[in-house]
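Peer 1: So the chains spell out like this:
There are 2 protein chains.
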Amino acid sequence: MKKNYMFTPGPTMVPAEVLLEEAQPLIHHRTPQFSEVLREIGEGLKELFGTSEDVYLITGSGTAAMEAAVANTCSPNDTAICVKSGKFGERWAELAEAYRCNVVNFDLEWGKSFTADQAEKLLQQHPEASVLCVTHSETSTGALTDIERIAKVTSRTDTLLIVDTITSIGVHAVEMDKWGADVMVGGSQKGCMVPPGLSFIAASQRAWSTIEAATSPRYYLDMRAMRKKWSEFQTPYTGPVSLARALRKALHMMRAEGLENIYERHARLAEAVRESMKAIGLELLPENPANGLTSVLAPEGIDSGELVSKMRDEYGVTIAGGQGHLKGKIFRIGHMGYISKEDLLVCISAVERGLQDLGYAFEFGSAVSLTQKLLFEK
Amino acid sequence: MKKNYMFTPGPTMVPAEVLLEEAQPLIHHRTPQFSEVLREIGEGLKELFGTSEDVYLITGSGTAAMEAAVANTCSPNDTAICVKSGKFGERWAELAEAYRCNVVNFDLEWGKSFTADQAEKLLQQHPEASVLCVTHSETSTGALTDIERIAKVTSRTDTLLIVDTITSIGVHAVEMDKWGADVMVGGSQKGCMVPPGLSFIAASQRAWSTIEAATSPRYYLDMRAMRKKWSEFQTPYTGPVSLARALRKALHMMRAEGLENIYERHARLAEAVRESMKAIGLELLPENPANGLTSVLAPEGIDSGELVSKMRDEYGVTIAGGQGHLKGKIFRIGHMGYISKEDLLVCISAVERGLQDLGYAFEFGSAVSLTQKLLFEK
Chain A
1 MKKNYMFTPG PTMVPAEVLL EEAQPLIHHR TPQFSEVLRE IGEGLKELFG
51 TSEDVYLITG SGTAAMEAAV ANTCSPNDTA ICVKSGKFGE RWAELAEAYR
101 CNVVNFDLEW GKSFTADQAE KLLQQHPEAS VLCVTHSETS TGALTDIERI
151 AKVTSRTDTL LIVDTITSIG VHAVEMDKWG ADVMVGGSQK GCMVPPGLSF
201 IAASQRAWST IEAATSPRYY LDMRAMRKKW SEFQTPYTGP VSLARALRKA
251 LHMMRAEGLE NIYERHARLA EAVRESMKAI GLELLPENPA NGLTSVLAPE
301 GIDSGELVSK MRDEYGVTIA GGQGHLKGKI FRIGHMGYIS KEDLLVCISA
351 VERGLQDLGY AFEFGSAVSL TQKLLFEK
Chain B
1 MKKNYMFTPG PTMVPAEVLL EEAQPLIHHR TPQFSEVLRE IGEGLKELFG
51 TSEDVYLITG SGTAAMEAAV ANTCSPNDTA ICVKSGKFGE RWAELAEAYR
101 CNVVNFDLEW GKSFTADQAE KLLQQHPEAS VLCVTHSETS TGALTDIERI
151 AKVTSRTDTL LIVDTITSIG VHAVEMDKWG ADVMVGGSQK GCMVPPGLSF
201 IAASQRAWST IEAATSPRYY LDMRAMRKKW SEFQTPYTGP VSLARALRKA
251 LHMMRAEGLE NIYERHARLA EAVRESMKAI GLELLPENPA NGLTSVLAPE
301 GIDSGELVSK MRDEYGVTIA GGQGHLKGKI FRIGHMGYIS KEDLLVCISA
351 VERGLQDLGY AFEFGSAVSL TQKLLFEK
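Listed in order, the protein sequences are those of chains A and B.
Note that my numbering gives residue 257 to position 257 of the first sequence, counting from 1, and the numbers run on in steps of one.
Note that my numbering gives residue 143 to position 143 of the second sequence, counting from 1, and the numbers run on in steps of one.
Some hints could be false.
[What the hints assert, rightly or not] Chain A is nowhere near these chain B residues, computed Cβ spacing over 12 Å in every case: (1) 123; (2) 231; (3) 376.
[Stated by the list, open to error] Derived pair list, reagent style DSSO-like, types lysine-lysine, alpha-carbon separation capped at 30 Å: (4) B:329 x B:87; (5) B:87 x B:310; (6) A:87 x B:228; (7) A:278 x A:310; (8) B:327 x A:229; (9) B:310 x A:229; (10) B:229 x A:327.
Derived from the structure by calculation, the hints contain no laboratory data.
Ideal Cβ positions, reconstructed from N, Cα and C, are used throughout, including at glycine.
Work the whole structure out from these sequences, hints included.
Peer 2: And the structure:
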């Protein structure tokens, strides 16, 4: 028997209860039944985003919601400051380029976190900027950005703060309203424990004035159409019936666990991964690591891609390698969503086995032992 | 016991075998396993589209694929001729407007089918047109357009023929290459028997020259990115793992039935619906009806919306009402996808019951009896 485990930074493992919702007989999308599904989803997403604004459901992956953020707030020749903190930070810049913005690229070394001081300076240099696009938890590096402090800076300016919270929703407390962020986007296949295919977007009141006036071409991702239809709990186009019901179920499960407990669980899992990796002599990539995934530098002479393949093909445990210039150099352990403390032992065990196979010298068993202590010792 | 039946023009009923594929434990999207899923899907879709070109999978509803068609082939100020044959024909015009085209609207009375003669005249008047956007099977009216004859006209010009085949794929034979159509789009939730959330797009070689040169902003729907990734059976962004596996299963089932048999089944179902409705004194809306759905004029004094609600809420049988100015005036019976001849009796029976409840005078039982004869008499 070989069981398959996913410790990936998305898609993540999905509870059987959620999978079975997808297997329910179809209902039509223009029915009171489906509107009730959307209403419940809307409630759950508002809690996750920490907002009293409506959060809209998009049939599309996280990138669709990121594009919606840019297309709805930017007009051609607007200045967009994009923090290139990793592969997904770079995606902001690519999107802003595609929409003919004057893109101000802020290149950050991968693994570093953008700071409020840097935001302050950039906005002084570019007071004309319409948007500042940042990443809360950068999936390619595992670094976390302090959005609360950055939002304090943008709130005092006319620049909208657009935040990719795809990997942080359901992992870290997100407080869109309290922080004063303007647009936030999320996805289904990370902390929300749902298969890929859905994404989410919400906008602040001041963002809405910009959205109404923006002149970039948009149709499927037009937030004005989403708002109009959402007022009666509908989607502008055929709704994602099966995935939406899966999401409703996942949100119910999350409410039952309690958001505070969920954030605490992720913090504990993250700490155990970080400490156990350090205990076997490995270094973490990010200075300020997120709680949804941990990026670890592969030991000298070991290709992280080989580690990933070996773990997946021989032990049935899938983690992720590095992206872009970090390919082969880091491995990324996802511990977000439907991951229990018990599951984490499986993951750390497989990492130890993979490293052992590839000839890395360390005290075999010590990472698992430390994980056991950190998670379960009384 | 009240069982639920959907005779809707999309989403349609999904076989349990397909639903259960959605309930399979997740796999990661950047794996050989998922690439194999995409490879098999690609093969199946090429058969359905009748093309040797690759057909790409989009995570998004049919409208996303329609937008991809416009955004990838049109540049601002290009002339786009849009045949407004119904709600979905109008969507072409809305999309072309959103992308700043010079839109030539060709208004067709709802229920009529666009003809090759009309195409000929339009292209003589507008030889500068970059694209002619048409609908193969118009979901709002049930009318079918002869794409083969229209493509004969566009093939002789520099105007690309863009066709919405969302409601015809898996219902009618579609021959993109043989006919000479340039861009075709489809969706998962119609003849393909899969829940909503996926759409498909393919382009001819001559369309690709336009796509490469087009200057409209696009990112998530950029076909150049799709082509690049599809060459290694990947998607540019996180792939729709669960829905894709459902689609693979549905395509396997379709291959087992045989495409010719599928088209023949739909033709038989459509004929039975049309004849049984006419037998109880009702008129069809379209002159040239499609085989995936039948639009029927509600009897004088009866609101079709009431019929739809009554059938759904009291008998568990969902059909669709009219859209736009036909709201209340027509009802639409969907008979595409996972609908057997046996199922059709359930549908016609419920229509009879609904009409009886609303006071329409007809010989009760005669529509069911005719259906029985047309489908099963030896």
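Peer 1: Taking only the CA atoms, is the gap from residue 327 of chain B to residue 229 of chain A under or equal to 30 Å?
Peer 2: holds (18 Å)
Peer 1: Is the hinted pair residue 329 of chain B and residue 87 of chain B satisfied, with a Cα-Cα distance of at most 30 Å?
Peer 2: Answer holds: residue 329 of chain B to residue 87 of chain B is near 15 Å, not above 30 Å.
Peer 1: Sort out whether residue 310 of chain A lies within 30 Å of residue 278 of chain A, counting only the CA atoms.
Peer 2: Cα-Cα ~21 Å, so holds.
Peer 1: Would you mind confirming whether the straight-line C-alpha gap from residue 310 of chain B to residue 229 of chain A stays at or under 30 Å?
Peer 2: Holds. Residue 310 of chain B to residue 229 of chain A sits at ~24 Å (cutoff 30 Å).
Peer 1: Is the Cβ of residue 231 of chain B more than 12 Å away from each Cβ in chain A?
Peer 2: holds (19 Å)
Peer 1: Checking one constraint from the list: CA of residue 229 of chain B to CA of residue 327 of chain A, max 30 Å. Satisfied?
Peer 2: Within the cut-off at roughly 18 Å; holds.
Peer 1: So residue 123 of chain B supposedly isn't at the interface. Is its beta-carbon more than 12 Å from every beta-carbon in chain A?
Peer 2: holds (25 Å)
Peer 1: Given the hinted pair residue 87 of chain A and residue 228 of chain B, is their Cα-Cα distance within 30 Å?
Peer 2: holds (18 Å)
Peer 1: Take a quick look at residue 376 of chain B and tell me if its Cβ sits farther than 12 Å from every Cβ on chain A, holds or violated.
Peer 2: holds (26 Å)
Peer 1: Is the hinted pair residue 87 of chain B and residue 310 of chain B satisfied, with a Cα-Cα distance of at most 30 Å?
Peer 2: Holds. Residue 87 of chain B to residue 310 of chain B sits at ~25 Å (cutoff 30 Å).
Checked against the numbered hints listed earlier, the structure breaks none of them; every hint is satisfied.
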